[in-house]
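**Student:** As a plain string of letters, each chain reads:
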Amino acid sequence: MSAPIPLLLVDDNVSNLTVLSAVLEDEGFVVAAARTVEEARGIVRSGEPLKAIIVDRHLGSQDGIVFAAECRVEFPSASIFIYSGDLPEAARMEGIDGWLVKGTSIDDLVERVRGAVKSRDSATS
Amino acid sequence: MDHEVEELARLSILEEELSVLRHDLRNRLNGIRNGAYYLKQKSSKTELWESDERVPVFFELIDDEIGKAEESLAQQASVDHVLARQLEDQTLEIGVTRALRMMAVPAHISLETDFGQEATTSVCEVEVALFARCLVENSIEALEGRDSGSICVSTRSDLDGRARLCVEDDGPGLASNEIAAAIQSFRTEKPGHRGLGLNIARRIAQRYSGKLDFQTLDAGGVSVGATFS
Numbered sequence: 001m002s003a004p005i006p007l008l009l010v011d012d013n014v015s016n017l018t019v020l021s022a023v024l025e026d027e028g029f030v031v032a033a034a035r036t037v038e039e040a041r042g043i044v045r046s047g048e049p050l051k052a053i054i055v056d057r058h059l060g061s062q063d064g065i066v067f068a069a070e071c072r073v074e075f076p077s078a079s080i081f082i083y084s085g086d087l088p089e090a091a092r093m094e095g096i097d098g099w100l101v102k103g104t105s106i107d108d109l110v111e112r113v114r115g116a117v118k119s120r121d122s123a124t125s
Numbered sequence: 001m002d003h004e005v006e007e008l009a010r011l012s013i014l015e016e017e018l019s020v021l022r023h024d025l026r027n028r029l030n031g032i033r034n035g036a037y038y039l040k041q042k043s044s045k046t047e048l049w050e051s052d053e054r055v056p057v058f059f060e061l062i063d064d065e066i067g068k069a070e071e072s073l074a075q076q077a078s079v080d081h082v083l084a085r086q087l088e089d090q091t092l093e094i095g096v097t098r099a100l101r102m103m104a105v106p107a108h109i110s111l112e113t114d115f116g117q118e119a120t121t122s123v124c125e126v127e128v129a130l131f132a133r134c135l136v137e138n139s140i141e142a143l144e145g146r147d148s149g150s151i152c153v154s155t156r157s158d159l160d161g162r163a164r165l166c167v168e169d170d171g172p173g174l175a176s177n178e179i180a181a182a183i184q185s186f187r188t189e190k191p192g193h194r195g196l197g198l199n200i201a202r203r204i205a206q207r208y209s210g211k212l213d214f215q216t217l218d219a220g221g222v223s224v225g226a227t228f229s
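Residue numbers (this note's numbering), protein chains in the order written: chain A, 1 to 125; chain B, 1 to 229.
These aren't lab readings, by the way, just hints derived from the structure by calculation.
Owing to the predicted nature of the structure, the values given are computational and were not obtained by experimental measurement.
Think of the CB as a built atom: it goes at the ideal place given N, C-alpha and C, for glycine as much as any other residue.
Please note: incorrect hints may appear among the correct ones.
Computed from the model, here is a short list of chain B residues facing chain A with C-beta under 7 Å [unchecked claim]:
1) H23
2) R26
3) N27
4) N30
5) G31
6) N34
7) Y37
8) Y38
9) E70
10) A104
Could you put the whole structure together from the sequences, leaning on the hints where they help?
**Tutor:** Below, the structure is given as structure tokens:
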């Protein structure tokens, strides 16, 4: 069995956050969940060794893509995804590994995140 | 009154309202789908899964129904199909001039235009006019409560030859962390406003494969614009 993957999940929708956290934990991720950018910043600054970060596109009045860019600075080798009901914004993908459209099956979501983590691990080892 | 621009403005407001509804409902449907997935995974390992054949069928049914609801949302909860866009090769200056003709600018604000060298682009004049109007109205709001202020609307080709329209003002400007809030629908601190102008402008910019960009000016104020291609 592969090693658990530490992952930060940020979503201001409590139902989505609760359910997706449970699903991802079942799939072998160790999930740190945050409802706001402030909570997420606290987790990022606590020094948790995150390998994957999934950020909701719209976080109340804050922009998930801007927070993802902050995460890229803190975790240059983490796999960072935007999770959104909107279509990908091609013009704003710099530093982001992928765009997960809400409604994507969990199997696809898990496969994409695992694949990205694996390819970053291979690149750095 | 410019009826075509007013009609597009009304449809654009409706589109923003529908966009918020689509986003909210997609979030909720996504929560239901993920919850059903979790329950399916758990129950598939129990005796119930084998003993009652309706259980796996009902999970399939939930997934199918959510998929159909998402499809209906995307196809029907939108005004895209009634937006009649007439594209013509022209300069952005034409749309800007049309917008400014119908606008009332408060006396304490000076409004200038700076039309530079600009190649023609395939655009819908009404959309360009509404885009310019939204940005100028945003600047006028930014200058509310001041004794004086200035706004400059400019059009020109950028270094890649793409037509660019931008509106600058010498108001208080926007910090980088305020930009996301500024373009969130229905969020405004200004009484009497609905907080949709920048959103409508952003959606128009996206139709031309562009995005709305913001630049804080050294002298104070902000420049908001987009390229059209």
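**Student:** For the hint on N30/B, does the least C-beta distance to chain A fall short of 7 Å?
**Tutor:** 4 Å, holds
**Student:** Regarding the hint that N34/B lies at the interface with chain A, is the smallest CB-CB distance below 7 Å?
**Tutor:** With a minimum Cβ separation of about 4 Å from chain A (threshold 7 Å), the hint on N34/B holds.
**Student:** With 7 Å as the cut and Cβ atoms as the points, is R26/B at the interface with chain A?
**Tutor:** For R26/B, the interface hint holds, since the closest Cβ of chain A sits about 4 Å away, which is under 7 Å.
**Student:** Can we keep the N27/B interface hint, with Cβ of chain A closer than 7 Å?
**Tutor:** 5 Å, holds
**Student:** Holds or violated: the hint that G31/B contacts chain A, with Cβ atoms closer than 7 Å.
**Tutor:** Holds. Min distance 4 Å.
**Student:** Hint check: is the beta carbon of Y38/B less than 7 Å from a beta carbon of chain A?
**Tutor:** Cβ of Y38/B sits 5 Å from chain A, so the hint holds.
**Student:** If you take the shortest Cβ to Cβ gap from Y37/B to chain A, is it below 7 Å?
**Tutor:** 5 Å, holds
**Student:** Given a cut of 7 Å on the nearest C-beta pair, is the interface hint for H23/B held or broken against chain A?
**Tutor:** Since the shortest Cβ distance to chain A is 5 Å, the answer is holds.
**Student:** Hey, does the E70/B contact hint survive, CB to chain A under 7 Å?
**Tutor:** 6 Å, holds
**Student:** Please verify that hint: A104/B, Cβ, nearest Cβ of chain A, below 7 Å or not.
**Tutor:** Hint violated; A104/B Cβ to chain A Cβ min 31 Å, cut 7 Å.
Hint violations for this structure: number 10 only, all remaining hints satisfied.
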